[in-house]
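Peer 1: Chain by chain, the residues run as shown.
There are 2 protein chains.
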Amino acid sequence: VANEGTKEALLDAGARLIAAQGYHSTGIQQVLETTGVPKGSFYHYFASKDDFGLQVIDRHAREYDRLLERHLGDRTRSPLQRLSAFLGEARQKFEGCGCREGCLIGNLGQELADQNELFRVRIEEVLSTWLEQYAACFREAQEAGELRRDLDPRELAEFTVSGMEGALLRAKITKSSKPLRTFEKILLGEVLKP
Amino acid sequence: VANEGTKEALLDAGARLIAAQGYHSTGIQQVLETTGVPKGSFYHYFASKDDFGLQVIDRHAREYDRLLERHLGDRTRSPLQRLSAFLGEARQKFEGCGCREGCLIGNLGQELADQNELFRVRIEEVLSTWLEQYAACFREAQEAGELRRDLDPRELAEFTVSGMEGALLRAKITKSSKPLRTFEKILLGEVLKP
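Heads up: the sequence lines are chains A and B, in that order.
Count the first sequence with this note's numbering and you get residues 16 to 209, in order.
Count the second sequence with this note's numbering and you get residues 16 to 209, in order.
For reference, chain A alone in the conformation it holds in the complex (with noise of 0.2 angstroms):
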């Protein structure tokens, strides 16, 4: 149990300080120093940096998956509301970290992409999983008569990862939530229709 908090503690400290500075300028000898934990520690858990920063990708991607099958897999609601309480869930999120950072995933997609093939098809991959789950709730809406049956789910779900993503990256430039009502309030008046 000792091992696992250990290993979380590092998780959690790397996702901290590369959502706040970038993957580049993370070194590993930051975290050991938030974190106070050893470096004989840090290399018993990971192979290198770059494991380390899968990891961190990996974990995330969990945390944020969980998030989304909470709000998407809620069928006291209509799909579309579903998707309507997420996105102002993750908005407050935004918020309450004072507009700041914005998607983990994003980031070092914008950072890592042309650089570490590695990275990139890992965030790839973890896109692609978001973007079914966005798929599976349109097609659901689809069944249910909330959104036109002649438009692509999956389309669509490609649309709302980008919109949400650029949103998310204009809210943090302009430290503001108002990029993201803005995308909220015309996907879902305007796109997302019967």
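Fair warning: there could be bad hints in the mix.
No distinction is drawn between identical chains; accordingly, a pair holds when it is met within one copy or between any pair of copies.
List time: in silico EDC-like cross-link candidates among lysine to aspartate or glutamate, alpha-carbon distance up to 20 angstroms [said to hold, decoys possible]:
#1 K208 - E170
#2 K190 - E116
#3 K208 - D165
#4 K54 - D27
#5 K190 - E147
#6 K190 - E140
#7 K208 - D167
#8 K190 - D165
#9 K193 - E104
#10 K22 - D73
#11 K200 - E170
#12 K22 - E158
#13 K108 - E199
#14 K193 - E139
#15 K193 - E140
#16 K108 - E170
#17 K193 - E170
#18 K193 - D167
#19 K208 - E158
#20 K193 - E84
Since the hints were derived computationally from the structure, they do not count as laboratory data.
Please build the complex by placing chain B on the supplied structure of chain A, with the hints as guidance.
Peer 2: Just chain B, lined up with the frame of chain A:
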């Protein structure tokens, strides 16, 4: 003239290096080696690395403004046809670069918005200039009867800039222009309608 050439060569190399590897990872030394310009000359034109970075942003913004204006000011086409032509050319440019890099301004916003207030403000100003150009295009489209008048041109412009930035990010991650095509298809086909 020779002096302006040197300054342009430095800014050009800076833009390429920053687009490829980010701002933090780009050292002045590397810019000097790439261009063969001596260090003293660099400091003749630029007070510091940040001054250099800000001028790289300004130069890129001017270039992009010209491209945007060339398309959105083309009176031989309807307002939304102009937008479509612009998005198509931006996509072809991205494809021509091997689906790398994406948007220099978006990349720098991602990397620096939480870390450097001077850069954040400048990047916000640049995005806001683009946003105004899109908003003007949407107002013209409304006057021409191409676009519903009950939609707010400024909100549509925000939605467009966000969507474009996010689609470019996903295109860079997936090494494909498909996210850009999907964005264009849904924006032009489903959001921007009479």
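Peer 1: Now look at each hint and say whether the structure bears it out.
Peer 2: Status of the hints after comparison with the structure:
1. With identical chains, the CA atoms of K208 and E170 are at most 20 angstroms apart both within one copy (15 angstroms) and between copies (18 angstroms).
2. Proximity of K190 to E116 under the C-alpha cut-off of 20 angstroms is restricted to the intra-copy arrangement: shortest distance 10 angstroms within a copy versus 24 angstroms between copies.
3. When the C-alpha separation of K208 and D165 is checked against a cutoff of 20 angstroms, the pair qualifies both within a copy, at 11 angstroms, and between copies, at 16 angstroms.
4. Within a single copy, K54 and D27 get their C-alpha atoms as close as 16 angstroms, which meets the 20 angstroms cut-off; across copies the closest is 41 angstroms, which misses it.
5. For the homomeric pair K190 and E147, the shortest alpha-carbon distance between copies (19 angstroms) is at most 20 angstroms, but the shortest distance inside one copy (30 angstroms) is not.
6. Only between protomers do K190 and E140 lie at most 20 angstroms apart by alpha-carbon distance; the minimum there is 13 angstroms, versus 29 angstroms within a single protomer.
7. Taking the closest pair of Cα atoms, K208 and D167 come within 20 angstroms of each other both inside a single copy (13 angstroms) and across two copies (18 angstroms).
8. Taking the shortest Cα distances, K190 and D165 never come within 20 angstroms of each other, neither inside one copy (37 angstroms) nor across copies (28 angstroms).
9. For the homomeric pair K193 and E104, the shortest alpha-carbon distance inside one copy (14 angstroms) is at most 20 angstroms, but the shortest distance between copies (29 angstroms) is not.
10. Proximity of K22 and D73 under a CA criterion of 20 angstroms is satisfied intra-copy only: 13 angstroms inside one chain copy versus 44 angstroms between copies.
11. In this assembly of identical chains, K200 and E170 lie within 20 angstroms of each other by CA distance both inside one copy and across copies; the values are 19 angstroms within and 9 angstroms between.
12. Proximity of K22 and E158 under a CA criterion of 20 angstroms is satisfied in neither setting, with 44 angstroms inside one chain copy and 60 angstroms between copies.
13. For the homomeric pair K108 and E199, the shortest alpha-carbon distance inside one copy (15 angstroms) is at most 20 angstroms, but the shortest distance between copies (29 angstroms) is not.
14. Taking CA atoms no more than 20 angstroms apart as the test, K193 paired with E139 passes between copies only; the shortest distance there is 13 angstroms, against 27 angstroms inside one copy.
15. In this homomeric assembly, K193 and E140 come within 20 angstroms of each other (Cα to Cα) only across copies, at 16 angstroms, whereas the closest approach inside a single copy is 29 angstroms.
16. In this homomeric assembly, K108 and E170 never come within 20 angstroms of each other (Cα to Cα): the closest approach is 26 angstroms inside a single copy and 22 angstroms across copies.
17. In this homomeric assembly, K193 and E170 come within 20 angstroms of each other (Cα to Cα) only across copies, at 10 angstroms, whereas the closest approach inside a single copy is 25 angstroms.
18. In the homo-oligomer, the alpha carbons of K193 and D167 lie at most 20 angstroms apart only across protomers (14 angstroms), although the nearest pairing inside one protomer, at 28 angstroms, exceeds that limit.
19. For the identical chains of this complex, K208 and E158 are intra-copy neighbours only, at 13 angstroms inside a copy versus 25 angstroms across copies, given an alpha-carbon limit of 20 angstroms.
20. For the identical chains of this complex, K193 and E84 are neighbours neither inside a copy (25 angstroms) nor across copies (26 angstroms), given an alpha-carbon limit of 20 angstroms.
When the structure is compared with the earlier hints, violations turn up for hints 8, 12, 16, 20 and for no others.
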